[in-house]
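Be aware that the sequence shown starts at 0, since it is given in numbering that gives the first Met the number 0, and climbs by one per residue.
Restraint ranges, calculated between C-beta atoms of paired labels, are given here:
1. K7 to G127: 39 to 47 angstroms
2. V60 to K125: 15 to 23 angstroms
3. G62 to E2: 39 to 47 angstroms
Here are the simulated DSS-like cross-link-like pairs (lysine-lysine), alpha carbons at most 25 angstroms apart as the crow flies:
4. K44 to K7
5. K30 to K44
6. K30 to K10
7. K30 to K20
8. K50 to K25
9. K7 to K39
10. K37 to K50
11. K5 to K44
12. K125 to K50
13. K37 to K17
14. K25 to K118
15. K50 to K118
16. K50 to K120
17. K39 to K25
18. K5 to K17
19. K10 to K39
20. K37 to K25
21. K5 to K37
22. K20 to K118
None of these hints come from the bench; they were simulated from the model.
Ideal Cβ placement from N, Cα and C applies to all residues, glycine included.
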Amino acid sequence: MDEREKRKAQKEFEEQLKRVKPEDVKEVLRKREEIEGKLKGPLRKFIDEVKLFFELLSDFVSGRYREVPWYTIAAIVAALLYILNPFDVIPDFIPLVGQIDDAFVMGLCLMMVEEDLNKYKAWREKEGGGEPA
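Using the sequences provided together with the hints, build the complete structure.
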């Protein structure tokens with residue numbers, strides 16, 4: 000992935016992040032199976048993080064965990080929607096290469112939300128939630 004594609008993917012992700020609405024969180028949760036099904040090739044290394052994203056989103060929607068800024072929720076939702084979009088910067092129908100931009104966006108998202116994810120993991124351990132399902 001060249002620098003131009005990285006900038007384009009980052010811009011697309013940031014634009015999506017600004018447009019995330021509360022109903023998008025529920026939509027992403029409904030599409031969990033579909034999103035997890037896309038975690039192949041370069042995205043396979045993000046399986047644990049995506050499961051944690053879904054656990055956080057579920058706990059947020061249910062009201063169990065609200066100690067997270069909306070920006071973090073929006074970043075997670077935007078990243079998951081990016082993965083779901085087959086026609087992003089590098090179209091997903093191109094074998095393996097089509098997921099490189101998705102992996103790049105996941106990496107960006109993880110850097111942005113790392114602190115809040117660590118707080119959530121600590122809360123889960125304290126609450127007896129343990130590791131994400």
